[in-house]
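Chemist: One letter stands for each residue in the lines below.
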Amino acid sequence: GENVEQHPSTLSVQEGDSAVIKCTYSDSASNYFPWYKQELGKRPQLIIDIRSNVGEKKDQRIAVTLNKTAKHFSLHITETQPEDSAVYFCAASTGGGKLIFGQGTELSVKP
Amino acid sequence: GAVVSQHPSWVICKSGTSVKIECRSLDFQATTMFWYRQFPKQSLMLMATSNEGSKATYEQGVEKDKFLINHASLTLSTLTVTSAHPEDSSFYICSAKGTEKRERGQYFGPGTRLTVT
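Chains as they are written, first to last, in the working numbering: chain Z, 1 to 111; chain H, 1 to 117.
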């Protein structure tokens, strides 16, 4: 089955700096890659997603890139703010909605 | 729109008892619901996929006789943890997928914190 690896597990940046989180997946049939932000004790919130027919997608300060050949995708957050501090999860899906999550990255943005 | 609720939001039960968690799609019909378990500081682990009117599909390593899933209607799925033990203490989150074709149509519930004493 699908396996998703996520790095780093923790990331600390200064406010205004960029943050990059990387994920790799194993199943070449995966075609949908969402990113979630989860605050302590809350539900995951979708922040951006990308499909396998697209290489890059951007939404204001957040961007995601996908390399299908290498089977990895990355989340880029620019101009980080303290409110970006949370745990971020990548996920992969082969369709039908079943999501396999990465291990998570705890992002800390220091003012 | 696209709201998913869970009940209860938290529950404490004694070891050996059973507890039922409900997942409801409030404003859309969910043909498929997913149940995840999340231990502290860990990722969401998919437990099972629940399709309305049919048996749930469990992930490898998840005991189907311990975690009973019922998806009796297009708006309700339940997860029953039977004979709960302290190691079952976790955050249980459901998600519901609507009938829209877009993959993005999956919405998470707020989660249920289960503590088994």
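Please note that a few of the clues may not be correct.
Quick list of in silico lysine-lysine cross-link-like pairs, DSSO-like style, CA-CA up to 27 Å [what the hints assert, rightly or not]:
1. K37(Z) <-> K14(H)
2. K41(H) <-> K110(Z)
3. K42(Z) <-> K41(H)
4. K64(H) <-> K98(Z)
Pulled from the structure, derived: some chain H residues nowhere near chain Z, Cβ distances all over 10 Å [what the hints assert, rightly or not]:
5. R24
6. S43
7. M45
8. A72
9. S83
10. G111
None of these hints come from the bench; they were simulated from the model. The beta-carbon is built from N, C-alpha and C at its ideal position, and this holds for glycine as well.
Chemist: If a hint holds in the structure, say so; if it doesn't, say that too.
Modeler: For each hint, the structure was consulted:
1. K37(Z) <-> K14(H): violated, 32 Å
2. K41(H) <-> K110(Z): holds, 20 Å
3. K42(Z) <-> K41(H): OK: K42(Z) and K41(H) at ~13 Å, within 27 Å.
4. K64(H) <-> K98(Z): holds, 18 Å
5. R24: holds, 14 Å
6. S43: violated, 5 Å
7. M45: violated, 8 Å
8. A72: The assertion about A72(H) holds, with a minimum of 19 Å to chain Z.
9. S83: Fine: 26 Å to the nearest Cβ keeps S83(H) off the interface.
10. G111: About 6 Å separates G111(H) from the closest Cβ of chain Z, which leaves it inside 10 Å; violated.
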